[in-house]
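Visitor: Protein chains in written order, with the numbering used here: chain A, 118 to 475; chain B, 118 to 475.
Simulated from the structure, these hints should not be mistaken for lab results.
Watch out, some of these pointers could steer you wrong.
All copies of an identical chain are treated as equivalent in the list; a pair is satisfied when it fits inside any one copy or across any two copies.
[Claimed, not checked] Once the Cα atoms are required to be at most 25 Å apart in a straight line, the calculated DMTMM-like pairs of lysine to aspartate or glutamate come out as:
{"hint": "1", "residue 1": "LYS380", "residue 2": "ASP398"}
{"hint": "2", "residue 1": "LYS338", "residue 2": "ASP129"}
{"hint": "3", "residue 1": "LYS363", "residue 2": "GLU255"}
{"hint": "4", "residue 1": "LYS338", "residue 2": "GLU395"}
2 protein chains.
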Amino acid sequence: MIRISIDAMGGDHGPGVVVPALATFLERRPDSRFIVFGRQEAVHPELAKFPSLASSVEFIHCDVAVRMDDKPSQALRHGRGKSSMWRAIEAVKLGQADVCISAGNTGALMAMARFCLRTMAKIDRPAIAAIWPTTRGESIVLDVGASIGADAHQLVDFAILGGAMSRALFQIERPTIGLLNVGVEEIKGQEEVKEAGQILRYTELNSLVYQGFVEGDDIGKGTVDVVVTEGFSGNIALKTAEGTAKQIAGYLRAAMSQSLMSKIGYFFARGAFNALREKMDVRKSNGGVFLGLNGIVVKSHGGTDHEGFAAAIDLGYDMVRNRLIDRIEADLQLFHAHRHQLSALGRARADEEGEGEA
Amino acid sequence: MIRISIDAMGGDHGPGVVVPALATFLERRPDSRFIVFGRQEAVHPELAKFPSLASSVEFIHCDVAVRMDDKPSQALRHGRGKSSMWRAIEAVKLGQADVCISAGNTGALMAMARFCLRTMAKIDRPAIAAIWPTTRGESIVLDVGASIGADAHQLVDFAILGGAMSRALFQIERPTIGLLNVGVEEIKGQEEVKEAGQILRYTELNSLVYQGFVEGDDIGKGTVDVVVTEGFSGNIALKTAEGTAKQIAGYLRAAMSQSLMSKIGYFFARGAFNALREKMDVRKSNGGVFLGLNGIVVKSHGGTDHEGFAAAIDLGYDMVRNRLIDRIEADLQLFHAHRHQLSALGRARADEEGEGEA
Numbered sequence: 118m119i120r121i122s123i124d125a126m127g128g129d130h131g132p133g134v135v136v137p138a139l140a141t142f143l144e145r146r147p148d149s150r151f152i153v154f155g156r157q158e159a160v161h162p163e164l165a166k167f168p169s170l171a172s173s174v175e176f177i178h179c180d181v182a183v184r185m186d187d188k189p190s191q192a193l194r195h196g197r198g199k200s201s202m203w204r205a206i207e208a209v210k211l212g213q214a215d216v217c218i219s220a221g222n223t224g225a226l227m228a229m230a231r232f233c234l235r236t237m238a239k240i241d242r243p244a245i246a247a248i249w250p251t252t253r254g255e256s257i258v259l260d261v262g263a264s265i266g267a268d269a270h271q272l273v274d275f276a277i278l279g280g281a282m283s284r285a286l287f288q289i290e291r292p293t294i295g296l297l298n299v300g301v302e303e304i305k306g307q308e309e310v311k312e313a314g315q316i317l318r319y320t321e322l323n324s325l326v327y328q329g330f331v332e333g334d335d336i337g338k339g340t341v342d343v344v345v346t347e348g349f350s351g352n353i354a355l356k357t358a359e360g361t362a363k364q365i366a367g368y369l370r371a372a373m374s375q376s377l378m379s380k381i382g383y384f385f386a387r388g389a390f391n392a393l394r395e396k397m398d399v400r401k402s403n404g405g406v407f408l409g410l411n412g413i414v415v416k417s418h419g420g421t422d423h424e425g426f427a428a429a430i431d432l433g434y435d436m437v438r439n440r441l442i443d444r445i446e447a448d449l450q451l452f453h454a455h456r457h458q459l460s461a462l463g464r465a466r467a468d469e470e471g472e473g474e475a
Numbered sequence: 118m119i120r121i122s123i124d125a126m127g128g129d130h131g132p133g134v135v136v137p138a139l140a141t142f143l144e145r146r147p148d149s150r151f152i153v154f155g156r157q158e159a160v161h162p163e164l165a166k167f168p169s170l171a172s173s174v175e176f177i178h179c180d181v182a183v184r185m186d187d188k189p190s191q192a193l194r195h196g197r198g199k200s201s202m203w204r205a206i207e208a209v210k211l212g213q214a215d216v217c218i219s220a221g222n223t224g225a226l227m228a229m230a231r232f233c234l235r236t237m238a239k240i241d242r243p244a245i246a247a248i249w250p251t252t253r254g255e256s257i258v259l260d261v262g263a264s265i266g267a268d269a270h271q272l273v274d275f276a277i278l279g280g281a282m283s284r285a286l287f288q289i290e291r292p293t294i295g296l297l298n299v300g301v302e303e304i305k306g307q308e309e310v311k312e313a314g315q316i317l318r319y320t321e322l323n324s325l326v327y328q329g330f331v332e333g334d335d336i337g338k339g340t341v342d343v344v345v346t347e348g349f350s351g352n353i354a355l356k357t358a359e360g361t362a363k364q365i366a367g368y369l370r371a372a373m374s375q376s377l378m379s380k381i382g383y384f385f386a387r388g389a390f391n392a393l394r395e396k397m398d399v400r401k402s403n404g405g406v407f408l409g410l411n412g413i414v415v416k417s418h419g420g421t422d423h424e425g426f427a428a429a430i431d432l433g434y435d436m437v438r439n440r441l442i443d444r445i446e447a448d449l450q451l452f453h454a455h456r457h458q459l460s461a462l463g464r465a466r467a468d469e470e471g472e473g474e475a
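Just chain A, with the same shape it has in the complex (with noise of 0.2 Å):
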């Protein structure tokens, strides 16, 4: 049985959204049980309107809800302790749930989850993952905006995670990595970016293939499973995406009602349109997976509506029964134990000296 806690006050609509995706969840995994929170006046009805849920959620009054357009410190200050947003978090530390899920601000719940989680040992700062469709299938990006810039050593962990997080959620035993970077020679590259690229190829970890640099268009062509970069060219990188996407669905849509006969041609091709639409749809990938605390916290994008949040849901138990966190520890435990490699770097990076990166 999978425990999830859920903050029902996070979104633009709150538990009218939340509440409908436990139950759309709760068809398709029905060994799960839940921890609601939030404000009772505002859950309850919707509770109400869903009696197939009754067995498998808890409700727990909370006065305070922290709002949307809060800032990470205001949030803190008023919602510390008491706010919906903290205790579902708060009930993964206390071991009531194995993973929270909140569509609430992301500052919010980043600073929330890092002051009540805590970073794991070893681990610098967490980071925001993502998961980006691609066109071999999905790939996973990560810091898509948890914090600016990374050094070396916080994108050596940034791959560690991100690699655990596909073995988890998509089986694949020794997920290939790249470092985010851009094409030019010479001016090629951050100094950081550069020196990560050392460090993940001498160490050979067994739990991942370091495969060298990768462009922005290489995220979409899933070059590689796991797209390392620090936290504002991921940003960033991500809302550039679904901003052409949308961009290019609205080509689309207004090329096909231009005229007669591309109206006829929709009304036949609709099937295919379906399937389009279906592939394009950005609430299948929806959720930011934070990474690198104790516990695993799953941010739904705030304007999804229920099947958008019960695939943030979806994310989470999968993360959850593949057991990720495990899974980061024991990819930690031999990255540290790789460490007196490590040591072999200097060396290693003077005989290397002039050879540039893949």
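On the provided structure of chain A, position chain B as indicated by the hints.
Guide: Using the frame of chain A, we list chain B on its own:
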């Protein structure tokens, strides 16, 4: 009459694409003259195929051709003074041409352009500007890869350069400027981006309207006319968008050929699909513009065909005709005349302490 210098040896296809592009372009703009640099044995056979070019092209043989995989330092070492790339750039410096177009490798072209033309007075570093198709039209995004990282003053320079290009190319009197950033409150932004925002806000230039921070998905929406960022995230945004567009085009092709019905639909809607293809045609927005140098250099995509290369020439032509360099110089002068206002920044900043950016 506008005089254009051409590096015929650049790109994946060299003169086989470049020369036909000249013919295509000349039909549109018969008032142009070309100086074409390249290896005689490669260029002459191509020129022979287009007798219409004879009266408009001066050909100059160069022994050396910079290769697509040459590192900038190699290219400079072997090609300075004698390669087709160098000579084409130098023609601008010597006043023999108004603009230089090359499909050669970006790093080498930038290194040579910088070395030969030098950066403008009061500009620290050049930038590469891309034209980005948006749902509202076209925006300019810079820097997309001239260099990694930028301090606040360099970002402000980029805003001025991009603003001038927007006015020269799109006749927008006061283009709106946005600084690319991430949206999470409080971890929001790198210090240099914040500081650039403050400088732009307090100088209140007549030549542009500073609109605040924008995010990755704002680029495709056309939220602002000019998106300013440093080369690492700019390059990643550009390539990620290109990758996403290709990915979706692939999905669409697959969907349309999946069944008889969808093929029939495609047949009826083929006019609409052609319009869509036209809309998504990357060749039309082909050309990265090197800004901040004492002369205009346009970098065409290396893999483009003759239509794409002709579009890059269009771009160079328009910028010359609309006196881009004069505009940049005027804007820079204006900015530095406003410098006394900048000195008020320290005080203004103290007043505004704690107040967020848009």
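Visitor: Are the hints correct? Go through all of them and say.
Guide: Results of checking the hints against the structure:
no. : hint            : in the structure
1   : LYS380 / ASP398 : both (22 Å within a copy, 23 Å between copies)
2   : LYS338 / ASP129 : between (32 Å within a copy, 22 Å between copies)
3   : LYS363 / GLU255 : both (19 Å within a copy, 16 Å between copies)
4   : LYS338 / GLU395 : both (18 Å within a copy, 23 Å between copies)
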